[in-house]
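J.: Respectively, the protein sequence lines represent chains A and B. For what it's worth, our numbering labels the leading residue of the first sequence as 746, then goes sequentially. For what it's worth, our numbering labels the leading residue of the second sequence as 746, then goes sequentially.
Do not take every clue at face value.
Since the list gives no way to pick one copy over another, a pair counts as held whenever it fits inside one copy or between any two copies.
Below are the SDA-like pairs computed for lysine to any residue, each with C-alpha atoms no more than 25 Å apart in a straight line [to be verified]: (1) K859 with D756; (2) K808 with A758; (3) K859 with Q757; (4) K859 with G781; (5) K885 with E858; (6) K808 with Y824; (7) K859 with A771; (8) K859 with R760; (9) K859 with H844.
It is worth saying that the hints were derived from the structure and are not from the lab.
Protein chains: 2
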Amino acid sequence: MTDIPPTPPEDQADRFTRAREVQAVALLEDYVEMIGDLIVEMGEARVADLAARMGVAQPTATKAIARLKREGLATARPYRGVFLTEAGAALAERVRARHRVVVELLIAVGVPEKVAELDAEGIEHHVSDETLAAFEAFLKSR
Amino acid sequence: MTDIPPTPPEDQADRFTRAREVQAVALLEDYVEMIGDLIVEMGEARVADLAARMGVAQPTATKAIARLKREGLATARPYRGVFLTEAGAALAERVRARHRVVVELLIAVGVPEKVAELDAEGIEHHVSDETLAAFEAFLKSR
DNA sequence: CAGAAAGTATACCCATGGCTATTTTTAGGT
DNA sequence: ACCTAAAAATAGCCATGGGTATACTTTCTG
Ligand SMILES: [Mn+2]
Ligand SMILES: [Mn+2]
Ligand SMILES: [Mn+2]
Ligand SMILES: [Mn+2]
Numbered sequence: 746m747t748d749i750p751p752t753p754p755e756d757q758a759d760r761f762t763r764a765r766e767v768q769a770v771a772l773l774e775d776y777v778e779m780i781g782d783l784i785v786e787m788g789e790a791r792v793a794d795l796a797a798r799m800g801v802a803q804p805t806a807t808k809a810i811a812r813l814k815r816e817g818l819a820t821a822r823p824y825r826g827v828f829l830t831e832a833g834a835a836l837a838e839r840v841r842a843r844h845r846v847v848v849e850l851l852i853a854v855g856v857p858e859k860v861a862e863l864d865a866e867g868i869e870h871h872v873s874d875e876t877l878a879a880f881e882a883f884l885k886s887r
Numbered sequence: 746m747t748d749i750p751p752t753p754p755e756d757q758a759d760r761f762t763r764a765r766e767v768q769a770v771a772l773l774e775d776y777v778e779m780i781g782d783l784i785v786e787m788g789e790a791r792v793a794d795l796a797a798r799m800g801v802a803q804p805t806a807t808k809a810i811a812r813l814k815r816e817g818l819a820t821a822r823p824y825r826g827v828f829l830t831e832a833g834a835a836l837a838e839r840v841r842a843r844h845r846v847v848v849e850l851l852i853a854v855g856v857p858e859k860v861a862e863l864d865a866e867g868i869e870h871h872v873s874d875e876t877l878a879a880f881e882a883f884l885k886s887r
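Produce the complete structure using the sequences and hints provided.
T.: The structure is reproduced here in structure tokens:
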């Protein structure tokens, strides 16, 4: 009869480490998605519009764009708009698709639409590929 | 025939503002939950154990405890353990219950248990009371 | 009960992501 | 064309949350 080995602390720590890593990219994900939206809706992504939609001051958006550039997700020419790189556009597409699935799943299990939209904005970033696949399977099989 | 009024930018911004607010309390929630766990399992919550389980260096845990004290969620006597206040214990209980429900819901929609545990650690903080209620109703009605 | 080991606090460092105030550039109107 | 208004960049501030290195207590052990 073997005892159940107690979970070692560093294993337990993994989930927190993961959550912290996710948090670090969450902002980038929301920005690339929003830049993509603006380009589609407006033909271009201006810093002022980006800031307004993200609910931050304009210099905050400018700094976020600087980070996107560093990460190779966006380009920008001073006083002109912001553009997505290949990588940025690809990320935006994945993020947009995941966002949709998360909202749909929440609605499917009975969350009111408005609330689903609100909560999904934070939840989405923590949804792994495996969880996303499970969500899609669940939605299909209803 | 009225057009559908386009969502004003500041409304869109609300969800991002909310996500940022949630993020600010997420760490506190995980710490109080873990402090509660340690007290139950070990009889006391030591800084070193807390740090190990959270996956951070010891001074990082010490600083987090300072913040918990400031927020009225914990007390601590130097070189002795950490304790929860009434408010801290109440928060820990709510957080623990919510965590369980989120994990169960993920499993219920087909997410593998291991993955559910991982993803839930981040997701839980973004689950509003309304969404939590919907999750509970869904789990009950299966 | 003295010395060593372990645990904790403290002092600094860094990056992120908010902000306001100000400067610089671009765009528009007369 | 010029002047002005709007947009964007820059500078400088703050809090948070991560880290190392080191000092200080407490605890254990011979
Ligand atoms: Mn989001
Ligand atoms: Mn989103
Ligand atoms: Mn958590
Ligand atoms: Mn948790």
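J.: Evaluate each hint against the coordinates.
T.: Hint-by-hint comparison with the structure:
no.: 1; hint: K859 with D756; result: between (36 Å within a copy, 12 Å between copies)
no.: 2; hint: K808 with A758; result: between (31 Å within a copy, 18 Å between copies)
no.: 3; hint: K859 with Q757; result: between (34 Å within a copy, 12 Å between copies)
no.: 4; hint: K859 with G781; result: within (23 Å within a copy, 34 Å between copies)
no.: 5; hint: K885 with E858; result: both (19 Å within a copy, 21 Å between copies)
no.: 6; hint: K808 with Y824; result: within (14 Å within a copy, 41 Å between copies)
no.: 7; hint: K859 with A771; result: both (21 Å within a copy, 22 Å between copies)
no.: 8; hint: K859 with R760; result: between (29 Å within a copy, 10 Å between copies)
no.: 9; hint: K859 with H844; result: both (14 Å within a copy, 22 Å between copies)
Consistency with the previously given hints is maintained throughout, with no hint failing.
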